[in-house]
Amino acid sequence: MGYSLQEIAKSIGARLVNEDPKVPDISGVASLGSAGPHDLVFIEGEKFLSSALESRAAAVIAPEKIAGQIGQAAKVFLLAGQPKLAFVRAAMLISEHSADHQLGVHPTAVVHQNAKLGLGASVGPHSVLHNRVEVGARTRIASGVTLGAGVIIGKDCVIHANVTIYPGTTLHDRIIVHSGAVLGSDGFGYVLDNTTGKYEKFPQIGKLEIHDDVEIGANTTIDRGALDATIIGRGTKLDNLIHVGHNVLVGEDVVIAAQTGISGSCVIKDKAIIGGQVGLGDHVTIGEGVILGSGSGVLTGKEITGKGEVFWGIPAKPLKQHLKQLAVLSRLAKEK
Amino acid sequence: MGYSLQEIAKSIGARLVNEDPKVPDISGVASLGSAGPHDLVFIEGEKFLSSALESRAAAVIAPEKIAGQIGQAAKVFLLAGQPKLAFVRAAMLISEHSADHQLGVHPTAVVHQNAKLGLGASVGPHSVLHNRVEVGARTRIASGVTLGAGVIIGKDCVIHANVTIYPGTTLHDRIIVHSGAVLGSDGFGYVLDNTTGKYEKFPQIGKLEIHDDVEIGANTTIDRGALDATIIGRGTKLDNLIHVGHNVLVGEDVVIAAQTGISGSCVIKDKAIIGGQVGLGDHVTIGEGVILGSGSGVLTGKEITGKGEVFWGIPAKPLKQHLKQLAVLSRLAKEK
Amino acid sequence: MGYSLQEIAKSIGARLVNEDPKVPDISGVASLGSAGPHDLVFIEGEKFLSSALESRAAAVIAPEKIAGQIGQAAKVFLLAGQPKLAFVRAAMLISEHSADHQLGVHPTAVVHQNAKLGLGASVGPHSVLHNRVEVGARTRIASGVTLGAGVIIGKDCVIHANVTIYPGTTLHDRIIVHSGAVLGSDGFGYVLDNTTGKYEKFPQIGKLEIHDDVEIGANTTIDRGALDATIIGRGTKLDNLIHVGHNVLVGEDVVIAAQTGISGSCVIKDKAIIGGQVGLGDHVTIGEGVILGSGSGVLTGKEITGKGEVFWGIPAKPLKQHLKQLAVLSRLAKEK
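Listed in order, the protein sequences are those of chains F, A and P.
Position 218 of the first sequence, counted from 1, bears residue number 297 in my numbering, the numbering being contiguous throughout.
Position 151 of the second sequence, counted from 1, bears residue number 230 in my numbering, the numbering being contiguous throughout.
Position 268 of the third sequence, counted from 1, bears residue number 347 in my numbering, the numbering being contiguous throughout.
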């Protein structure tokens, strides 16, 4: 019930130091404070070395660069170039043993006769798969999920409980969608009828397409396109309670923190990093690799570019300029 | 399977120009970029005329005022005073053919014996209608919806999957509620007991009433009144992830963008336009036709008035004043 | 069908004045404007005395200190030291009669054979209780709720419709969770692999523990810890659409208003009061009894302390300083 340190070291590409045959097999990962004798922990530098040595952990993943400080410590180490990443890989290896879900289609699920399920796919209690839904191999649909007509989901995805996916939405492979998320809902678009003064609903009949390896947080909402598509690129990670409006194009490996709102027709390019509670007006472009601080706001139609550069504030400006404005205001208020 | 251009022109009140018997019937609407040979597109001015002519669309809805520029173009046009509105009407006409839902009550739905369903109303899989619920004619309740005891919904409404409506809430006619929305939940009110230092829950037993033609976005929450009612007026449109607190009174034809938060007892009058991520403190009044920029904040108890006037910032002030403050701060930071 | 004024006075510890045998039994509580002849209302001071006298209410809860002004008024009064609190207690007494839910496990619920239900616990239609779930005595699980494997819920809780609780989460006693809330979802943590430029998911395998008397608003999300735990302390109240990140520690009797976002590893100490749409960066500490104004922002790693002191703005600063900055900026913009 677990993995030997040799197996783990080999699997994650780490170097085993201070090997000790008395150390038991590893069955979990943990923090320094909570680790037990079957757990693996990690440190990213010398700072937490003494805590690691005092922990109850079976072994410690640590950076190669502190090999010299470890010496003959009474603890087994796995040394790696990227210790946190090695820890992630070890956790994945171990957790493959502990899946706690049922295979197959639960008898209370309502699956349309035209829906197609891949090999090893599962559908939980009370989920609903409408006409022409396709679910890929090994994808797990939890309970209370609704997949609208024509929804296509790739392989190895996890759709958590009470997610709703509107008709026609496409998800590719290895996507995780957390509970309460709503994918493919109507965008917010109306036309004011000048003669009656009333709003008429503009058609929201575009698609939503989500590419491989995306993760979507709890209660996040992503609207379908109005006439064209909303697209979320490969590897992008969205936190909880985010709003993505219609026709938004998000690139690859983008990270967006909780409660950020992205208005219609924005373009967010690859590897951008966007903090929490950021607000983007319509038709904003965020360039490749831009870093937008939490709570920033970008006005309608603006473009922000600069790989690796940090922008902050409302309206968002280069970090240095933002800090200077804060400092000036603070000083003026003290003077007067 | 579709409509002739003559039928569409007549239905939406547009003037047909450059008629061409070879043009096939119309079965959809689309954007200029995605249109196929059976699709209708629209332009709002001369700017996109050449794109429209190059598109694969069967015909183009355009403003009457550019009739002169069209000439003998090799494309059929439908000219209208409000082209975008004409496009909306055409889309509605065409989409009536394409409904993809089942009529009647799904066998897995749990409908209380005292619930009443109007003619042509439908209830999807795993939805729950408690005691004394009433659903009007042709209203569609999707899957996984819970309607609490005494909920009344009018006719021609659409309640999308996984919506929750608390007991006693009333919805009138032609209302759309998107997935994950929660209507009529308890407001946030407590009384601090001075002797114990603990909070006691204040009764949240008022109602929530939503009038005709309202649309409510995904995962938006609207609390019931504490002792009185929360009311959303006719024609008002709420985007995703909005919070509306207890005892709020929203007028008619109000538009509120995503993630805005409206604290308890606010009053928002007719035709106000409120951007995304706006925050209103308790007991704020927003006057008729006021426009509040995205990210603005209004302090508890304040009133903002001025039909058609734009306010912005935290605290919200007239746009000109807000821009001046931004400019002054920016200049001072550059000087020092 | 109701309570006599004598019974209510005794139960809530109030003094009955101007007793009148013609006044009927009390069956509800209401606002001054909506009260009928069987309702109880309350006022907190002399200001609303005339409205109370003109109301149709059977009796008025009022503060002891205005006993002198009541005289021989043609209305029965219940005088109390904390009238709003007395009103809350009266409402609780009366509402115990009006529960409108079914006992037991609904036949459409899916309850794992290893799940345990306490005496008088109920499970609504289409709810799902996975392996090893425990639900305490008299706790009510509404419809469409999913409780993951190993979820433990104490006694006298109310879990409203369409709530999702992830595996391993623990809730103690007398907790209310409103619809659409997601408890125990994965936190937002990734490790960038320097060699591929891609993000790998950091394990999110810690727990979420929620203590007695907490109330959680609609569509609020609380993430489980990454390796350790996220904890919400006794008596704390969370409004709608709040985000609480992984490893956050919230103390006792904390109040947090709607749409506030709390990033990972924050510590919020007892009796803090946090307004709506506040944003806290990672590893922020909010001291005991601190009051944070709505829309404030606190930067990563900062600590704010001062019992009963008010902080406001982005970044949050003492109220006086914040107001001075606003005033200075406003004056400068007028001058130039």
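In case anyone wonders, no lab produced these hints; they're calculated from the structure.
Hints are supplied without guarantee of correctness; some may be wrong.
Copies of the same chain look alike in the list, so a pair counts if it fits in one copy or across any two.
Here are the simulated lysine-lysine pairs, DSBU-like style, with alpha carbons at most 35 Å apart [to be verified]:
id : residue 1 : residue 2
1  : K144      : K280
2  : K280      : K89
3  : K277      : K163
4  : K413      : K348
5  : K399      : K277
6  : K144      : K396
7  : K396      : K154
8  : K413      : K144
9  : K126      : K286
10 : K163      : K286
11 : K381      : K234
12 : K403      : K413
13 : K101      : K386
14 : K386      : K154
15 : K195      : K144
16 : K348      : K399
17 : K386      : K234
18 : K399      : K195
19 : K403      : K234
20 : K195      : K396
21 : K154      : K399
22 : K403      : K101
23 : K280      : K381
24 : K154      : K286
25 : K413      : K154
26 : K195      : K89
27 : K277      : K89
28 : K144      : K89
29 : K234      : K286
This one's a predicted model, so the numbers in the text were calculated from it and none came from an experiment.
Worksheet entry | Violating hint indices (sorted, rising) | 6, 7, 8, 11, 13, 14, 15, 18, 19, 20, 21, 22, 25, 26
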